[in-house]
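Numbering-wise (numbering that gives the first Met the number 0), the first sequence opens with residue 0 and increments by one.
Hints may be right or wrong, so weigh each one.
Stated by the list, open to error - Below, a list of computed lysine-lysine pairs in the PhoX-like style, where the Cα atoms sit at most 25 Å apart:
(1) 424 to 484
(2) 425 to 598
(3) 82 to 293
(4) 424 to 598
(5) 295 to 82
(6) 593 to 358
(7) 424 to 450
(8) 338 to 484
(9) 358 to 598
None of these hints come from the bench; they were simulated from the model.
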Amino acid sequence: MSEAPGPETSPKRHFIHQIIDEHIAHGRWGTPGDRSVVRTRFPPEPNGYLHIGHAKSITLNHGLAVEYGGAFILRFDDTNPEKEEQEFVDSITRDVAWMGGAWEGDVRFASDYFHQMYDWAVELIRKGFAYVDEQSAEQIRAGRGTLTEAGTDSPFRDRPVDDSVDLFARMKAGEFADGSKVLRAKVDMASPNLNLRDPVMYRIVNARHHRTGDEWHIYPMYDWAHGLEDSIEGITNSICTLEFENHRPLYDWFIAAINDGRGPGSEWGKAIHHPQQTEFARLNPTFVITSKRKLKQLVDEKHVEGWDDPRMPTISALRRRGYTPEAIRAFCTEIGTTKFNASHDYGLLENAVRDDLNKRAPRRMCVLRPLKVTITNWGEHGDADRVEWMEAVNNPEDDAAGTRQIPFGGTLSIERADFMEDAPKKFFRLKPGGEVRLRYGYWITCNEVIKDGDEVVELRCTYDPQTRGGDAPPPDAEGNVRKVKGTIHWVATSHAVPIEVRLYDRLFTAERPGKATGNPIDDLNPESLEVVERALLEPNWRTTDAEKAVGTGAFRDGIERFQFERLGYFCVDEKLTPDQAGDRPVFNRAVTLKDSWAKQAGK
RNA sequence: AGGGGAUUGGUGUAAUCGGUAGCACGACUGAUUCUGGUUCAGUUAGUUGGGGUUCGAGUCCCUAAUCCCCUGCCA
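Assemble the whole structure, with the sequences as input and the hints as a guide.
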């Protein structure tokens, strides 16, 4: 279980708020004005991994419950034994908790309600609202008609009630083969809404269920089961995606059918709770696919390393990637809740991640592609082998995060990309004859470029002892202050820790993967992963107690995340980082920093 | 003989009873900066089309267009 969400999910009023506000004002669920009656749920089917689209649903449903002071429930809609597995129950439970979707009480399962659903189904048969149909699946399909033509009644539609009750009981007892009979609701075969043309309520499936085992031989269909699950749990607002809009009349019909004839003194008992179904548009990010089938193809064909490969849009992948649940929720809130089939700029998610991590991630210095820098005058101002410890700010956004010590010596490593032999005018970093600040270190001037063929292999530089800590030197006799335009990151080679860094980029190069050819594989980004096997990280990189104490670096999921200065946000990969000392930890790049130089250089 | 839903700058999203079309992201300027980050200031750009009602329409009426969903014993 996790804590309540932070202010990032603070309400942004949308149409569902308005619906709920009205219900509360009119007292639809109880005393007018009582906001705490609001109950929502997240009802995943345990047949796969959760993805970013589900995050929107979790954020919405959980957020509403929190905002109104009501309750949020996690319920598995496990009505199909052939597709569902315990493994998915476990991963989904973990993901919802990680997302901050704290639920009330125990996790619920639709399968726990099977007996109650069965009793209600018998009640519907007795009331003349349902019948056992012995037609084949093909016959039922043919009898349903088409979009423009009415369907035809099943020959079993008007069979005696007792026949249906008896057959239904025997279906339940396991007397019949899969597919040989179904229980159908008697609604309207001529309805323009196909969902109302005598929908199937139960089918025979002689399969082992991951929770109920061999107890059942019949399983309820979504339309029959879902509203009942909501009703049993006292859900007030059953929120789902747009494609279920056409199902709402059926959702309401089933509950109305159960309530038909119920009331004070009725043989059937009291009326049952009738939730309000409301539909919203699903999340639709650019550069992402969420189709379960296509994601599976990526895994099966080894285009990615698994369901939690940090390039995948699954929650478990985003977690490994270093995204925070707070950022994901902020994104889901930011894009709003409407009925419009929108397209959501993936950059907005990346931005939410930057936004969150800029405030919270401790800073460290890491050199991805080292270039050797020798300080030629290091021995002129003290012992040539000495190491000076410099003070570096842990998080400029949060002074309370404190500082740390980083070593500086005569041999350093800087980023290859921070040096250019033939630099354009606006290149502010190191170039022959140029001066640059080593952040929290000294100012250095490049005097000599050592090359092996075309490759630059070493820079020989002098440092200015008056710039210790990176500060500007004192003004000269005329009062002029020397300035330097660029500041770059670095590590002392002797003390640096070698690490493996995985630079992830978007999995697809097309905004709508597969749009051009029909196959998303064609739009795969060949550069979505670059493994840097030996990057160099400053030695005292572990999150400090001071950082944890003030919130910076204290991520409640326990994942260590950092900003590697000037590079981006990274996290320790829990899965690939070995426990044994001596092996290189693996860091994943969540997202780069914004880079206005790259933008300008690309022009 | 179909039914249901939707349409506001490049993107997303607001606008109480019909009364100044606002916010965020992006893009572009500039300032600040020991991260080409952050922050700050500014610029850019919109009511799907056509009619109508009205002093006044994103909002009401008529009409057209476009997009999404629906013919599983999946959810």
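Straight-line alpha-carbon gap residue 425 to residue 598, limit 25 Å: holds (13 Å)
So if I understand the rule, the pair passes when the alpha-carbon distance is 25 Å or less; does residue 424 with residue 484 pass? Roughly 12 Å separates the two Cα atoms, so the pair holds.
Regarding the pair residue 82 and residue 293, is the alpha-carbon distance no greater than 25 Å? Answer holds: residue 82 to residue 293 is near 17 Å, not above 25 Å.
25 Å Cα cutoff - pair residue 424, residue 598: Holds, at roughly 16 Å.
Check whether the Cα positions of residue 593 and residue 358 lie no farther apart than 25 Å. holds (15 Å)
Compare the distance between the alpha carbons of residue 424 and residue 450 with 25 Å, and conclude whether the hinted pair is satisfied. holds (23 Å)
For residue 338 and residue 484, compute the direct alpha-carbon distance and say whether it is at most 25 Å. violated (50 Å)
Keeping to a limit of 25 Å between CA atoms, is the pair of residue 295 and residue 82 held or broken? Judged against 25 Å, a Cα distance of about 14 Å means the pair holds.
Please verify whether residue 358 and residue 598 have alpha carbons no more than 25 Å apart. holds (24 Å)
Hint 8 alone, counting from the list given before, is not met by this structure.
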